[in-house]
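Visitor: Once you've looked at the hints, dock chain B against the given chain A.
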Amino acid sequence: MAEIRCTNCGTVNPAGAKVCKSCRADLVAQSGDSGLPDWLSGLSSDDTLPSQPASDLPDWLSRLGSPSPSELSGATPSAEPPSGAPVPDWLSEITPRDKGDATVPDWTEELGITAAKAEEPTQPPATDEPEWLRRVRARQQAEQSQPAEDFFSAEPPPSAGAAAPEEGLPDWLSRMGQSEAPASRQEAFTGAQPFAQFEPSEEPPAPAAGAEGLPDWLAGLGEAASPPPASSSTPAFTPAFTSDADLEDFILDASAESETPPAVSAEPAELPEWVSQLSPDQELPEPARPVESAAEPELPPAQLPSWLEAMRPVESAAPIVSFRDEKDTYVESAGPLAGLRGVLPAEAEVARQRKPPTYSVKLQVSEAQQAHLAMLDALLKSEGQAKPIASAGGIAALPLLRVVIALALALAVFWTLWSDLDMVAMPSPDKTPAEVGDLINWVNALPPQSPVLVAFDYEPALSGEMDAAAKVVIEDMMGRQAHFVTLSTSPLGPMVAEHLFGLIAETQQVTYPHRTNLGYLPGGPSGLFGFAANPRSAIPLGLSGGDDWQTPPLQAVHSIADFAMLLVITDNADTARQWIEQVRPWLGDKPLTMVVSAQAEPLVRPYYHTGPKQVNGLVVSLMGSSAYEARRGLLGLTRAYWDSFSATILVTLFLVLLGGSINLLLAWLAERKQTGAV
Amino acid sequence: MKAKAPFSTAIAIGFGLLTLLAYFLPNLLGFLRDLLIEWALGIVAFALLIGVVNLLAVHWRKVRSGAKGVYSAVLILSFAVTLIVVAWNKPTGQWSLWLFDYVQIPVEASLMAVVAVALIYAAARLLRRRMNGMLWVFFITALLILAGSAPLYFVQGVDLQGLRSFIANALAVAGARGILLGVALGVVATGVRILLGADRPYSG
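As they're listed, the protein sequences go chains A and B. Quick note: the first sequence uses the working numbering, first residue 1, plus one each step. Quick note: the second sequence uses the working numbering, first residue 1, plus one each step.
Since the hints were derived computationally from the structure, they do not count as laboratory data. Glycine included, C-beta positions come from ideal geometry on N, C-alpha and C. Be careful, since some hints might not be right.
A short list of chain B residues far from chain A (calculated; beta carbon distances all over 12 Å) [what the hints assert, rightly or not]:
hint: 1; residue: 11
hint: 2; residue: 14
hint: 3; residue: 57
hint: 4; residue: 64
hint: 5; residue: 66
hint: 6; residue: 69
hint: 7; residue: 84
hint: 8; residue: 133
hint: 9; residue: 200
hint: 10; residue: 201
Using 25 Å as the maximum straight-line C-alpha spacing, the simulated PhoX-like pairs for lysine-lysine come out as follows [stated by the list, open to error]:
hint: 11; chain 1: A; residue 1: 387; chain 2: B; residue 2: 62
hint: 12; chain 1: A; residue 1: 381; chain 2: B; residue 2: 68
hint: 13; chain 1: B; residue 1: 68; chain 2: A; residue 2: 387
hint: 14; chain 1: A; residue 1: 381; chain 2: B; residue 2: 62
hint: 15; chain 1: A; residue 1: 613; chain 2: A; residue 2: 431
If you only want the chain A side, here are some residues facing chain B, beta carbon under 8 Å, derived [said to hold, decoys possible]:
hint: 16; residue: 406
hint: 17; residue: 462
hint: 18; residue: 463
hint: 19; residue: 464
hint: 20; residue: 522
hint: 21; residue: 526
hint: 22; residue: 530
hint: 23; residue: 601
hint: 24; residue: 606
hint: 25; residue: 645
hint: 26; residue: 650
hint: 27; residue: 656
For reference, chain A alone in the conformation it holds in the complex:
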């Protein structure tokens, strides 16, 4: 639609308008006789500009061309809506009321902007007024013959009188029509009924401007403003109708159609679609509410083009990942972050006062450990309890196997002793062990009548073995006229020494005179060390009670290194080790020799196999003494025991193998029986 811009006030008027809707200037005259240049006149002409629908105009341009209240007043609404363009009820109801109340609203009266005042001729300016303005004023004066009420006095048909039904109106609109009583059609349109239809808010429209209902700023304007000139009075209504450009366009179009019936036969398509769907019988729908809109069928989701989809922000396309730590159950209880979860604590963890955790005092002990503990506890308790000695049940109660073993051993020992058959040959002198040979060499190297220290450190229980092993060595030394100085770290050692020398004397029928018994040396390792460091101080007196250190050859002995040889006779490995460790360093180059039992051999032999030998010669039990006797060609106690010893070992081997075989068979049968039972 081509629009016509008024050259007087600049208002854009719709095409076909004959007077300016703002200043009521004659647009026809302007188009024909005007001061505009030709090119501008041509632009405003409908012939030169193609018709352009108002809807194609931008908003800002539509607002520029929005009809002013004066323009609306110039467009006389028709009494009846055209057949082709049905007017909604609200519009038909509004129009009669406007007729009856074609007066200036009260609030305009308060502002001094009344229609009567607007009719007063404006005093032309004195001299500075331009020519085009004077022409405009001339036209306005010409038009003043038609009062302002004429624009609103278009009598509607009686059918559309003031008593039009208001049932179709909403409540707020009905109240507005009753109480507010808009004074003019313009004000009626300010009620913005169509606007209310699109307004989702439930709030009723603002009450009509009254003396009391005006805002302060508007009331202030009314008090301070002087009556404006007539030329500027009509534009003062413009803001009331420019609230919604579409509404004004619609009203303007409707007014134009009602004013010119042939032209009103314009296509209904020019009306808004919602207006065309309305009918006089149709009630006005309730204002759209957000809740009610949800009941409407859902619109299909918008389909974005692929290129636009690719330009979406990553944040909107990426899945929302929760950064909340689900394990963190701490909820802030104080401060501005109270109630939030997962916030960092304001104070250190250690600074918080909390109830200390409760730990169980019960030990975590497994069943195996409990079983071991119970076993240990029972063992300890049994140590403190006296075990009752089982009463002897006589001979029948003795284990048969043990009796058989004892009888077999006794038979082997006594039969060989009594038979005196020499069934077992002595070891060959050529096969003398090295340790025995070393001891023989050291004995042969003894100077005549040299002092030899002999330690008797074996118990009487093992005298049978040890006497036989040591007797041959002692007798060999006796042949060298050695002076024996005996002592012992065992309380019974001095008696054992006397027993052995007595045995030798019994064998040789001669008591050996060169010997001194120093008795018992207490203190164990400390005593040995003390004796090695200072023999005289460790044992100042001999077993006889006299000062034996003053008898020859002990007069020359001041230290242990003054002895020609040290011979240790022991059945205990620990005792042998103490002699080696405590005394051997004090001997210097003098030999340390030993006669040990079979049970002490494993721990003594390593000292013989050292680099500088810590044990210079060694005789082990009857095996060593038999080799010694064989080497020396003597017939000693070992020869007497040799057959019995051999026979006893043989019987022992037989018993162990026989008993082991029987028990192995019994164990196998028991296992087989148990396996078969399973």
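Guide: Chain B only, in chain A's frame:
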């Protein structure tokens, strides 16, 4: 009377350190070390006498209480007879040696003979126990040592003594040396603990 812990600990550590330093400074501290050891020998001998008195006291209480007092009475009686004979005849006297030769030695030797029977019985029943590899090793080794200890009747051509010598001189020595090294380390550790006061066997 028992000395208080700090006092007794200080004495033990002090004299222990003196004795230890004497090994490194024999010319300076040797005489002090010998003196301390002589004191120790006298104390140990006295301790042995205290032990004998305590043994008599225990058995005397048993005799007075009447519970199995027969054995305690025999012990006390034997002790008294021996003490009287040795004190009167001296330790090397004829009667003293008679007691030793015909009482002490036969009793102890008989106990050893019983032990021999028990060991043979245990060896015979050894295979009835749960058998494993080490048990067989132990069993066969014991038999070889016994067989090699003396020439056997009716066994000719087998050098069992050479086999026994190998076991005793090689295998047994190797194991014994390990044991001796362990014992030596244990003795050193015990000495250090006593010198540091960690072990106080003197304070009970």
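Visitor: Please go over all the hints and tell whether each is borne out by the structure.
Guide: Here's how the hints hold up against the structure:
Residue 11 of chain B, annotated as away from the interface, keeps every beta carbon of chain A farther than 12 Å; the closest lies near 16 Å. Chain A leaves residue 14 of chain B outside its interface by the beta-carbon criterion, the shortest separation being 17 Å against a cut-off of 12 Å. With a cut of 12 Å on Cβ distances, residue 57 of chain B stays outside the contact zone with chain A, its closest approach being about 19 Å. Every beta carbon of chain A lies more than 12 Å from that of residue 64 of chain B, the smallest distance being close to 18 Å; the non-interface claim holds.
At roughly 15 Å from the closest C-beta of chain A, the C-beta of residue 66 of chain B stays outside 12 Å, upholding its exclusion from the interface. Non-interface status of residue 69 of chain B relative to chain A is upheld: no Cβ of that chain comes within 12 Å, the nearest being about 15 Å off. Residue 84 of chain B, annotated as away from the interface, keeps every beta carbon of chain A farther than 12 Å; the closest lies near 16 Å. Every Cβ of chain A is farther than 12 Å from the Cβ of residue 133 of chain B; the closest lies at roughly 15 Å, confirming the non-interface assignment.
At roughly 18 Å from the closest C-beta of chain A, the C-beta of residue 200 of chain B stays outside 12 Å, upholding its exclusion from the interface. Once the 12 Å rule is applied to beta carbons, residue 201 of chain B is consistent with being away from chain A; the minimum gap is 14 Å. For the given pair, residue 387 of chain A sits about 17 Å from residue 62 of chain B by alpha-carbon distance, which is consistent with the 25 Å threshold. Among the hinted pairs, residue 381 of chain A with residue 68 of chain B is consistent with the structure: their alpha-carbon atoms are about 22 Å apart, no more than 25 Å.
For a cut-off of 25 Å, the pair hint linking residue 68 of chain B to residue 387 of chain A stands: about 13 Å separates their Cα positions. Simply put, residue 381 of chain A and residue 62 of chain B have alpha-carbon atoms about 22 Å apart, close enough for the 25 Å limit, and the pair holds. Distance check on the hinted pair: residue 613 of chain A and residue 431 of chain A sit about 21 Å apart at the alpha-carbon level, within 25 Å; holds. Here the hint on residue 406 of chain A is kept, as its CB sits about 5 Å from the closest CB of chain B, short of 8 Å.
Because the beta carbon of residue 462 of chain A sits about 7 Å from the nearest beta carbon in chain B, less than 8 Å, this interface hint is met. Given hint, residue 463 of chain A at the interface with chain B, holds; its Cβ is 5 Å from that chain's nearest Cβ, closer than 8 Å. Hint status for residue 464 of chain A relative to chain B: holds, with the closest Cβ pair at about 6 Å, below 8 Å. Because the beta carbon of residue 522 of chain A sits about 4 Å from the nearest beta carbon in chain B, less than 8 Å, this interface hint is met.
The restraint placing residue 526 of chain A at the interface with chain B holds, with a minimum CB-CB distance near 5 Å, inside the 8 Å limit. Because the beta carbon of residue 530 of chain A sits about 4 Å from the nearest beta carbon in chain B, less than 8 Å, this interface hint is met. Proximity of residue 601 of chain A to chain B holds as hinted, the smallest CB-CB distance being about 6 Å (cut-off 8 Å). The closest approach between the C-beta of residue 606 of chain A and any C-beta of chain B is roughly 5 Å, which is under the 8 Å cut-off, so the hint is satisfied.
The interface hint given for residue 645 of chain A is met, as the beta carbon of that residue sits about 5 Å from the closest beta carbon of chain B, less than 8 Å. Proximity of residue 650 of chain A to chain B holds as hinted, the smallest CB-CB distance being about 5 Å (cut-off 8 Å). Hint status for residue 656 of chain A relative to chain B: holds, with the closest Cβ pair at about 5 Å, below 8 Å.
Hint check: no violations occur; every hint is consistent with the structure.
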